[in-house]
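Residue numbers (the working numbering), protein chains in the order written: chain A, 1 to 577; chain B, 1001 to 1094.
For the record, the hints were derived by calculation from the structure and aren't laboratory data. A virtual CB, placed ideally from N, CA and C, is assigned to each residue, including glycine. The reader is advised that the hints may include incorrect statements.
[What the hints assert, rightly or not] Which stretches of chain A does chain B cover? Using the computed rule of at least three CB atoms under 8 Å from a CB of chain B, they are:
1. 373-385
2. 512-520
[Stated by the list, open to error] Residues of chain B clear of chain A, computed beta-carbon distances all greater than 10 Å:
3. Glu1031
4. Ala1048
5. Asp1055
6. Glu1080
7. Ala1083
[Said to hold, decoys possible] Covered, in the sense of this in silico footprint (three residues per stretch, anywhere, with C-beta under 8 Å from a C-beta of chain B), are these stretches of chain A:
8. 164-176
9. 412-418
As a plain string of letters, each chain reads:
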Amino acid sequence: MRTVDLPSRLAEWSRPGGPFDPAVLSAHDEAETFPAEACAALDAWGLPAYYVPARHGGRQDRLDEFLALLRTVAAQDLTVAVAHGKTFLGGVCTWLAGDAGPADLLARQVLAGEPVAWGLTEPDGGSDLLAGSLTATRHGSGWQLSGRKWPVNNATRGHLLCVLARTDPAGGPRGFTVFLIDKRATAVDTVRPLPKMPTHGVRGADISGVEFRQTRVPAHALVGTVGGGLELVLKALQLTRIVCVSLSLGAGDHALGLLRRFLHERRLYGRQLASLPHVRTTAGRAAAHQFLAEAVAHTAARAAHQVPEELSVISAVAKAFVPSLIQSQLRLIGDLLGTRGFLTGVEGYGAFAKLERDHQVVPIFDGSTWVNRAALAGVLPLLRPGRRAAASEAASPVHWLREEHHPAPLDMRRLRLMAPRDSVLGALPALVAGLDAREESSKAAAETASLAGALLEAYERLGTDLADVRPTGGPPSTATMRLAERYEWCFAGAAALALHHARPRLRTGPWGTDEAWLHGCLTLVLEGLGRRPAQATRTYDRLGTVVASAPDVPVSVLDDRGPDGPARDGSVEVSAT
Amino acid sequence: MTTYGVDQVAPSDLQRWLVERVAEYLPDLGEAVDPTRQLGEYGLDSIAVVAFAADVEEQLGIAVDPTAIWDYPSVGELAEHLAAELAERRPQAA
Ligand SMILES: Cc1cc2nc3c(=O)[nH]c(=O)nc-3n(C[C@H](O)[C@H](O)[C@H](O)COP(=O)(O)OP(=O)(O)OC[C@H]3O[C@@H](n4cnc5c(N)ncnc54)[C@H](O)[C@@H]3O)c2cc1C
């Protein structure tokens, strides 16, 4: 598989003078200039092909693999991943609209390395998509656009822009339409870039905007149907939000790498730093954050193939949960790095301050943590355990998380605005029952059963609390938002358990022995639910020992992180509907 | 939760029933829901509409996409639409 050579190419490019040389990238950061060399290297390698679905001539056919790719880039430099990966976001609406739109045209452009921007936000609108005032009106056989999109990534560098425009002056959910604009095909001075904004992180990225002044665009700029824009965007966001969490995973990888180097190099009181118990347990906690983030991200990516009709819930959970989790992880690692996490001039360690700044945008864009949590909160009464029929066995994550399982082709037509159920969290009772029925009687297995039992109890309590939630017509209450957060923690625990069930390989090796990674995940989840297990410190300590003593073992439970992933059996399964 | 148990539903019955459902979402509304007014005017926002659609779907036993409420934004229009859908699909769904 071609994707596996990206890590080694990135390692080559990171040598002094290479396009990913950290010195070059930090110089761009300081000067707030675009990391053009790094993006060109990714273009030459062929990353843009992964932004285009296979049916349009690209290589995008598996979201889990795509997440792994973008994560690898993000682990090297988050600004570059944000700057380059944006083209994926810019394209989704058009692929989703199908052949009715300018899909083939866009595919040719992206494959040729053209960046694409996605303009949803407006200066006065923020997260409120229905507040958009950029207007498109019919003009001859085509359209005329007026208004602004800001802030938008790639808005100045990208010749192509996918925008959401108001087509009905009254607005409303049928009042908006998506257009794909090629700036090169517009009259001079009718499209004006808005200046690049100075930013706290991703300083080199092209965070700017665009202004349309009675810009005339041809009929074929229309994406999907007139009035179909909000629906298209809400469905596209279900995919882009899952992809965005790969940026967090990459940031976590980068930070853990720096932490390991520090643990190896730093000696205090005549001893290795990891001999301090607090350091070990904190490092272990940071590793547990990574495993849990991986479990959610990977489950969401596979869910996109298997249960796309559930993505409105699953993508909201992933985007609300993972970036926040990684923010907490970065705080832990920053604490441990101490001065080196703060000083930017100490060789190598300056990268931490940069990645921490860069990562702060991930919980904000593509729908903030709170916007996603609110979307989840709004449908919580419907997700109450037992309210809706459980999914069939074929829809269980244990089935489609198996290593050898080849995901069904991504069928964007199956996306829905409302998930009929949540097969991941819905599987929790069966997952826990499966543990209780295990033959294995080791101490580790008993501990897993006890942690999982506590999680199931917490989930049942959540179910009871959800019974009292009345649906409302407006924004969810603060109490309901907190329930949504508890839902996310339970979901994350279910994802970790499902991965454990599905992949026997994860019960051996440095992380799997004694089910250590799973204990770490479940402990973190129970802490998040306010039920810290008694043995938490010991669990994190054990993980921290591996972090410190086995620096070559990636802090990951996903096979796609290593170049020697097990061979897949190549079978293609048709997903259960 | 009770399922709406009538096979052949008159739009007017359905309308009355929908008015009650909408009112549940708007506990602070001090008046009856006017079936000719758009639900958005009552502050039923786009997320709430998703939940509302799911609620109606569950209780009627037919698929109700949230976009149906976008396309038929008042209770009156929605009732007509759903009554037609029910008449068409109810026999197979049972
Ligand atoms: C670096 C960067 C790049 C960006 N790139 C793009 C891009 O390419 N394209 C694009 O369209 N946009 C882009 N954005 C805009 C970004 O998506 C918006 O900033 C985001 O949607 C939030 O809008 P806002 O910051 O105006 O916050 P507001 O919408 O003003 O929100 C203010 C606060 O209220 C909270 N909030 C908002 N709505 C809700 C809700 N329903 N429930 C609970 N809390 C809520 C928010 O979380 C936030 O804390 C970018 C932003 C940045 C910083």
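Take the region 164-176 of chain A, compare each residue's beta carbon with every beta carbon of chain B, and decide whether three or more fall closer than 8 Å. Check passed, 3 qualifying residues.
Can you confirm whether chain B covers the region 373-385 of chain A, using C-beta to C-beta distances below 8 Å and requiring at least three such residues? holds (count 6)
Is the claim that Glu1031 of chain B lies outside the interface with chain A correct, judged by CB distances over 10 Å? Answer for Glu1031 of chain B: holds, closest chain A Cβ roughly 14 Å.
Would the least Cβ to Cβ distance between Asp1055 of chain B and chain A come out above 10 Å? Label violated. Min Cβ-Cβ 7 Å, cutoff 10 Å.
Taking C-beta pairs only, is Ala1083 of chain B more than 10 Å away from all of chain A? At roughly 21 Å from the nearest Cβ of chain A, Ala1083 of chain B sits farther out than 10 Å, so the non-interface label holds.
Apply the coverage criterion to the region 412-418 of chain A and chain B: a residue qualifies when its Cβ sits closer than 8 Å to a Cβ of the chain, and three qualifying residues are needed. holds (count 3)
10 Å Cβ clearance of Ala1048 of chain B from chain A: 5 Å, violated
10 Å Cβ clearance of Glu1080 of chain B from chain A: For Glu1080 of chain B, whose nearest Cβ neighbour in chain A is about 17 Å away, the distance exceeds 10 Å, so it holds.
Do three or more residues from the region 512-520 of chain A put their C-beta atoms closer than 8 Å to C-beta atoms of chain B? Violated - the region 512-520 of chain A has 0 residues with a Cβ nearer than 8 Å to chain B, which falls short of three.
Of the numbered hints given earlier, the model fails hints 2, 4, 5; all others are met.
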